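Keeping the supplied structure of chain A fixed, place chain B upon it in accordance with the hints.
First to last, the protein sequences are chains A and B.
Read in order, the letters of the first sequence are residues 145 to 330 in the numbering used here.
Read in order, the letters of the second sequence are residues 6 to 323 in the numbering used here.
A portion of the hints provided could be inaccurate.
Claimed, not checked - Restraint ranges, calculated between C-beta atoms of paired labels, are given here:
(1) B:87 to A:227: 22 to 28 Å
(2) A:176 to B:167: 46 to 52 Å
(3) A:227 to B:207: 54 to 60 Å
(4) B:203 to A:176: 21 to 27 Å
(5) B:227 to A:163: 38 to 44 Å
No wet-lab data here; the hints were simulated from the structure.
Treat the numbers as computed from the prediction; the structure is a model and nothing was measured.
Quick reminder that beta carbons are idealized off the backbone N, C-alpha and C, glycines included.
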Amino acid sequence: MGQMMSRLRSPAWTWAILAVLWAGIAYESYALYRASRDNRLIAAPAGIEIGDSTALELIFAKAYDTARNGDRQEALRLYGTLLHRGDERFRARVRYNLGTLYLRDAAELWNAKGVLEYVRVNTLVASAKENLREALRLQPDHWNARYNLEYAYRITPPPKEKPKADFQGSKGSVFATLPSTPGGGP
Amino acid sequence: MAPLNPADTAAQRPFLRAARGRCGGLIGLMLFLAGSALPAAPEPRIELAATRDYGYVMGDLIEHTLTVRVPESFALETGFLPRPGALDEWLDVRSADWTSERGNGDARYRIRLVYQVFKGVRGPEKARVPALPLRFTGPSTLEANAPEWEFTLMPLISPQLPDEAVAIRDALSPEPIATAPHWHRVWIYLAGSLALAGWLISQRLGWSRRARPFARAYRELKKLLHGPVSPETYRSAVKLLHRALDETAGGTLFAGQVERFCESRPAFTEIREELVGFFTLSQRLFFTAPEAPAPADYPIARLESLCRRCAAMERRVP
Chain A
145 MGQMMSRLRS PAWTWAILAV LWAGIAYESY ALYRASRDNR LIAAPAGIEI
195 GDSTALELIF AKAYDTARNG DRQEALRLYG TLLHRGDERF RARVRYNLGT
245 LYLRDAAELW NAKGVLEYVR VNTLVASAKE NLREALRLQP DHWNARYNLE
295 YAYRITPPPK EKPKADFQGS KGSVFATLPS TPGGGP
Chain B
6 MAPLNPADTA AQRPFLRAAR GRCGGLIGLM LFLAGSALPA APEPRIELAA
56 TRDYGYVMGD LIEHTLTVRV PESFALETGF LPRPGALDEW LDVRSADWTS
106 ERGNGDARYR IRLVYQVFKG VRGPEKARVP ALPLRFTGPS TLEANAPEWE
156 FTLMPLISPQ LPDEAVAIRD ALSPEPIATA PHWHRVWIYL AGSLALAGWL
206 ISQRLGWSRR ARPFARAYRE LKKLLHGPVS PETYRSAVKL LHRALDETAG
256 GTLFAGQVER FCESRPAFTE IREELVGFFT LSQRLFFTAP EAPAPADYPI
306 ARLESLCRRC AAMERRVP
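Bound conformation, chain B alone:
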């Protein structure tokens, strides 16, 4: 305020004093109105969840889950969260991680904090996890504190036991090196080797012949031909060869599929014509003239020869 002009008369002074008072009130009112017209800073809503607040002992882990709701335009400043390490003399932060969800104009943060207690107590004692400052960035900086949290800590050593009587727990003796995993692996490798060696031997000795359809068909055909050859024997011989072809093809093999059969099994390519001839014979024998005697142009010896050749081709297949 400017000092009064000495020229002011005594009559003017009360008027000036009143005017000055009115001006001050007006300015105050204007400031108040301007302040109330500004949008209020949003308040984050914080909920703290912990498993329990009693019965903790030395070395226990305490898990806190903070659920914080802020307007969607604000984002958690994660660099402001505590880092794993000692928080104070007796409390460590083991981990601090967070997830966020957005929707309905809100951002919801779930902050999971794991503490570890290293406080030595002689009797049940109250301890306190300090308040956790949180900061959010957005249109403005928003700061909030997760509330401090009180819990009960219990001693592990009986409070009545004098210090001299406490028996320190012994050092850990060395542990023998485990041999069981090595033994397991040796047995597995040995079993695998034996199985593989057995398979190789069976291949070499021809034990897998039973699995060869043409070889089997040839053996049965030879047995069949020991007796007199009747039309029925002939038909049986043709059926044997059909069965071997079906087994090799992995399903019923029809005349029209001979080409594809030979393409997928190149070993049989050189007897393609023979196979086509065989299917023509089969068609005639079973469908065109089922009552006719064994065809003279396809003697059973030819059938036997075809079967033998097929067995030879079959051995070439790896």
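Extracted from the complex, chain A is given alone in its bound form:
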């Protein structure tokens, strides 16, 4: 123990520790520089260029800004690239925004056209529900996700009536409608 302490007190070790600390300062300073640069871009997302190494929060900011400017398709595409990336909290935020985007489209269509746009409303609401449910699975205390999901259920169009059977045949027995033994069978 004493030997180890005296070794630790030797100048070589001291300089080594000092070098590690300086390397840490250099690394953290670079991280701070990057964070500050990214934060400036988040504040003005128009300047964000999406590439392979773009930070997740920057893609999120770009998607959010694109949706606000009315390009919902591009926003959906950008959010879609983030679905399986980042930590749980980040993914919950992505799912919530994606679900809310679908829900807003569905609500506009439902309130304007009602059941006339049954298929589109149903598809949009189903996507909204799926994403909001996933957001709640990832972050159960997300109250806005709960609220929007409940609204999605409220505007879910009622299921369509089943079309009537149009069988016109007149068979004497139900067995007569069953397929016969295939040809060549035993």
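Quick look at chain B alone, frame taken from chain A:
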């Protein structure tokens, strides 16, 4: 039953009919007795505990704890428990785990199930968690159902609010990247670097001399020798050297411990003999002949030289 032989006479027929009836009754009785003689299949005892059964809303988690008691020879078939995922349209199983205890011929299973509700309602509504089938393996297969569980679900959006008037909650705006953790680490590294650099500088400039007992003793000895050298001054000088040795050894150093002292501090090995001589002098001065004047064979200059050499050895110690 075999058909009656046409040869049977009309007189025989009632007798045969009665015999056939008696046989049937006997077989039935035997079957009943055989059935009642079999050991009855054990019934698992199931208790369901939930925090409450009211006031749930969309997205809430419901925690159920099932306590199941079965005979010790039966084991829960865990593969039969529901797996995390959607149970039905509006109910998810979030987790299913279990613990078991055995004793007094019973096995007690505590099954903890967490559900999540995704049911949209327009007003307070009753909902039902379906019965949970459980299976135990042992001498035979035992099956049981945890009871279904009813609870009240409340809407989050006011039922009076028409659909068109409901305001969809806004999307979440991007969050700035946190810089505080980086700043904390920079300050920690900086403080560490400064402390270490300060220590290194202090080592280089010799500020730590105060911590060197022999160097300090030598300085005090020089001061002591400025005046006339009396027997009292001599004793004080010896005491100074003793104090420095004690401080270096980390406790009182006696004559018999000089060997070990030198072994643990190799820098002092080359003055081992000098130290032994010093302890002999000390013994004579303080115990054997305390009233005698300063010994002529150990002048104070030798004492000073020993102290200087010790201070030099001390600097070699890292």
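Each hint, compared with the structure:
1. B:87 to A:227: 22 to 28 Å: This hint holds: roughly 26 Å between Cβ atoms.
2. A:176 to B:167: 46 to 52 Å: For residue 167 of chain B against residue 176 of chain A, whose Cβ atoms are near 51 Å apart, the range 46 to 52 Å holds.
3. A:227 to B:207: 54 to 60 Å: 57 Å, holds
4. B:203 to A:176: 21 to 27 Å: 25 Å, holds
5. B:227 to A:163: 38 to 44 Å: 41 Å, holds
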